[in-house]
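J.: Chains as they are written, first to last, in my numbering: chain A, 173 to 379; chain B, 173 to 379; chain C, 173 to 379; chain D, 173 to 379; chain E, 173 to 379; chain F, 173 to 379.
Bear in mind the hints are in silico, worked out from the structure with no lab data behind them. Some hints could be false.
Below, a list of computed lysine-lysine pairs in the BS3-like style, where the Cα atoms sit at most 30 angstroms apart [what the hints assert, rightly or not]:
{"hint": "1", "chain 1": "D", "residue 1": "K236", "chain 2": "D", "residue 2": "K369"}
{"hint": "2", "chain 1": "E", "residue 1": "K372", "chain 2": "B", "residue 2": "K370"}
{"hint": "3", "chain 1": "A", "residue 1": "K369", "chain 2": "F", "residue 2": "K370"}
Note that this is a predicted model, so its numbers are computed, not measured.
Each chain, written out:
There are 6 protein chains.
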Amino acid sequence: MFLPIIFVLSFLSSSSNAADFCVGDLYAPQGPAGYSCKKPEAVTVNDFVYSGLGATGNTSNLIKASVAPAFSAQFPGVNGLGISMARLDLAVGGVIPMHTHPGASEVIVVVQGTILAGFISSANKVYYKPLKEGEIMVFPRGLLHFQINAGKSQALAFVSFSSPSPGLQILDFALFGDDLPTDIIQETTFLDAAQIKKLKGVLGGTG
Amino acid sequence: MFLPIIFVLSFLSSSSNAADFCVGDLYAPQGPAGYSCKKPEAVTVNDFVYSGLGATGNTSNLIKASVAPAFSAQFPGVNGLGISMARLDLAVGGVIPMHTHPGASEVIVVVQGTILAGFISSANKVYYKPLKEGEIMVFPRGLLHFQINAGKSQALAFVSFSSPSPGLQILDFALFGDDLPTDIIQETTFLDAAQIKKLKGVLGGTG
Amino acid sequence: MFLPIIFVLSFLSSSSNAADFCVGDLYAPQGPAGYSCKKPEAVTVNDFVYSGLGATGNTSNLIKASVAPAFSAQFPGVNGLGISMARLDLAVGGVIPMHTHPGASEVIVVVQGTILAGFISSANKVYYKPLKEGEIMVFPRGLLHFQINAGKSQALAFVSFSSPSPGLQILDFALFGDDLPTDIIQETTFLDAAQIKKLKGVLGGTG
Amino acid sequence: MFLPIIFVLSFLSSSSNAADFCVGDLYAPQGPAGYSCKKPEAVTVNDFVYSGLGATGNTSNLIKASVAPAFSAQFPGVNGLGISMARLDLAVGGVIPMHTHPGASEVIVVVQGTILAGFISSANKVYYKPLKEGEIMVFPRGLLHFQINAGKSQALAFVSFSSPSPGLQILDFALFGDDLPTDIIQETTFLDAAQIKKLKGVLGGTG
Amino acid sequence: MFLPIIFVLSFLSSSSNAADFCVGDLYAPQGPAGYSCKKPEAVTVNDFVYSGLGATGNTSNLIKASVAPAFSAQFPGVNGLGISMARLDLAVGGVIPMHTHPGASEVIVVVQGTILAGFISSANKVYYKPLKEGEIMVFPRGLLHFQINAGKSQALAFVSFSSPSPGLQILDFALFGDDLPTDIIQETTFLDAAQIKKLKGVLGGTG
Amino acid sequence: MFLPIIFVLSFLSSSSNAADFCVGDLYAPQGPAGYSCKKPEAVTVNDFVYSGLGATGNTSNLIKASVAPAFSAQFPGVNGLGISMARLDLAVGGVIPMHTHPGASEVIVVVQGTILAGFISSANKVYYKPLKEGEIMVFPRGLLHFQINAGKSQALAFVSFSSPSPGLQILDFALFGDDLPTDIIQETTFLDAAQIKKLKGVLGGTG
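Okay, chain A solo, but in the shape it has when bound (with noise of 0.2 angstroms):
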């Protein structure tokens, strides 16, 4: 006799599975929103969970520290809902250097050691200050912003951001990284030429 509940009521549930999640198919079409979905049947509680930030990265580089992204092309189970993570080790004297996410704000809570960090705006004024353990600081979308480890222990830092793919575009691989002529940085920047070779051959720019 109970039947009836139970058939009318699961037809619709199941039926309106697309609307709580879309795990992204990192091989099937991507779109303007994300990935496409994995099949509703194949998710299970593993698509939601992700350990790829557990560890302690390699911060044994130029900058002293190392950025592990849990964004949808890593966590594929945060596509189409809005947010995402990463994770910022910083060994003491450590930098995340100069840095935009253009498609998210972000938000970073310190969870080990002092991070001095700041955002410059639109209108040229910095905002930055050293944030201590416990402490979070949000740097709107699309701004110049940067972590600089200001303690004498090693920092360890989450980053959360309002896009489940924010992006992030790093100044100096963007200016030296790549393949923009000399010149063209040189008017664009007011660099001058020896600095911009000097960085190129740093970070393995040509041009």
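Chain A is already provided as a structure; the job is to place chains B, C, D, E and F on it using the hints.
T.: The following block gives chains B, C, D, E and F in isolation, referenced to the frame of chain A:
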């Protein structure tokens, strides 16, 4: 002599067809914004009309009520258009149990009978009232709400949603109609184990 | 001993109240997203219920029809919630003339009678069909559409919109009910001056 | 020694590529948010540049005007980016007839000549003015508007839209250029049958 | 000689300031999109930094847990930026009870301890898993979810939301912590009256 | 006898006025979605027309170029309408330096002369090309881009944005035109201190 205007402008118009609508192709890839679009040349008026809400639903069940959805899964014409509908039939004593639509606000219009409708806000304030024929009520997105036949005759209502796929999470089915273990339900809802097991029995839940 | 949970969590809940709804305050500043919100503590269930669609409209007019809106201006409870409604009454021979809603898609549900409804796409293709009781039809946002009583009795329908303030541009009023000069209408519509003047006379237009 | 930074950060950057753009693949599935994305590695600068607006349009037609669109169907580089353009050429006496864009606001900039431009609001108020070279005017989304060459020489304007596929519904084509029956047009527009038939004859409509 | 560039460009920049951020003014009118903006000239770095998540919450309560929000009401710097955060502290045996956020998706990152986290989909499928330090999990918008300390020590997690004011509807408070009459709860949840009254007693509900 | 239709329908139309547009009132509260709306009855055609882009800008400055914006701060008619414009004048040798618009995509149309335009993607790929008269190019939202007069005569272009307040962050002003300390710039950009100080001198920066 008139051909030029026809040529120039109809070229324009036909190329902008996709801006108008995107009738869902239920068998093509689905993305965060909805179903892929059926080819415009295959679309007919029947894609924009749905007859599935025309008949009184079967209310011979525990809740003495039925819900017939016209979401994008049933009515692909609303895909991408930010709106959908459903039909509610409530026999005498019928109830649409406590539920949410995770992704949409809802407006109900009572067409026949009297329906006691209400929702609960994040601030734990309850808003409920009996609605007469022709009265409408809005349920803000994502909040728990319910509808009860408050009269002595069959009731009929149509509900509209601010999304083509609003989703539907019925509280009892979510808690007791799946395999969520009793101890987890107990810990997260403070309900007694006996109560949980009783409802799992009724609603087909396991665990 | 139980007070702490109440304190901690109710603090949380009450502070997030604004996330739920924003009942429009028609006398405070209005912005691109809608009206300013009424203070949450002044909101009652009556803000979410609207009775203005309950009575049959007066159809003793040229179009033998009436439209009663429940947009945010009439029903401030829908402000910010992405949805609104209206009631259509069509006497025998009644017509809702050709019109658009600049900012919203629409779904119609026929509650009584038979209504011939249709819309015209950007590709100049016409989609129209007589709708019986219980049938629904969607009109994609911004396109010209119309409804005609196609039966031999009074017809009643409710329409829902994907916006709390969908707008309404009735073609004849737009062209002939204002002070747009006849020669501009003529040049931009190819209508004859005599036709324009005749309709300006009927609809109160000048110029 | 510098390789580590290159490895870590370029991994990050390449994986976030899809956040930047989604050049439309006109032959892959299309969804409510636009075309599927062309593979990033196949994208070149030519996908972001469009030359189709470079030449004066053919104005030897009834309206003595031409419209060249650069919507996502013609210029797939704008797919997903919330913007598109078109070019308007108006010979002496040329007119862009009364029309709407169902899904976008528009800004016009007059580059050559004088153009009388205007729109009609939902409140049936007309806003129109002659625009000189360098003047701009905005037409809010979905409203009827028009442009007329108001000078004694050829006029040129560029228009931009708040959508990559704004749609275009030209009033005369919508009413008289398809197979909408004369009696339906008559009932929904109050135009005389003779007027309707005359314009159907000119614009190729049937019915 | 260099002044002109400063004049022209700084004019531009200062005028576009509002595009960057809109720090909430909690005492000015609020609209559907959030709080009114604080005057840009009064904004300092402290508006973008929040220290309220820095201290361990008081878990001496029934749920042995605490939630500290950094929504726009507590942290006005996130107003309009599409993101917010909260801190979860769970003592041994602590539980964040079953709840929803009506308007946002959530990502949790476990910073200390082990947390059993899960959510229930519209299709009544349960997705849950114990999360270790550094693991993250996403909860799609509007769905019921919960977090339980699954370890033998204090647990700490930070959660981020895809909205500056995600809302929070805790199931038990919604059902039993207000004045929703027992018979309505009974009819809409199938819970026994005794169970309802017991929990109303604990949670302070009346009716 | 015709009055009834006028009464019923004009009531409808006037009440939905706010759906059409929201001309910005620069002196009323501003929210995340833009400026408060000017009272509809005070709005005239002049609110929708802007003449500030009509004159050639003063290019007697370091960059030999000028930018005149028509954002919502200058042209309140675009408030809430998802679009805005600007005029670029580039004398021979003129350059619009490397910059981003944090919240908008941009399309440029070259009206006079030849402009070398380009942008850099998150994947550090450079897309640039000389644009001739009538050619258009799109710059996806938030990415670094630039324009250079590549010809031997004055150049003129109009740019459109997918937002009424796109923001503008000019790289050199952001880095060197404020009080961001030299050592922070050095650490986050790898530029030499001498280079930084030189440009701070030119651009008026301190610190």
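J.: Going through the numbered hints above, which ones does this structure break? Give me the numbers in ascending order.
T.: none
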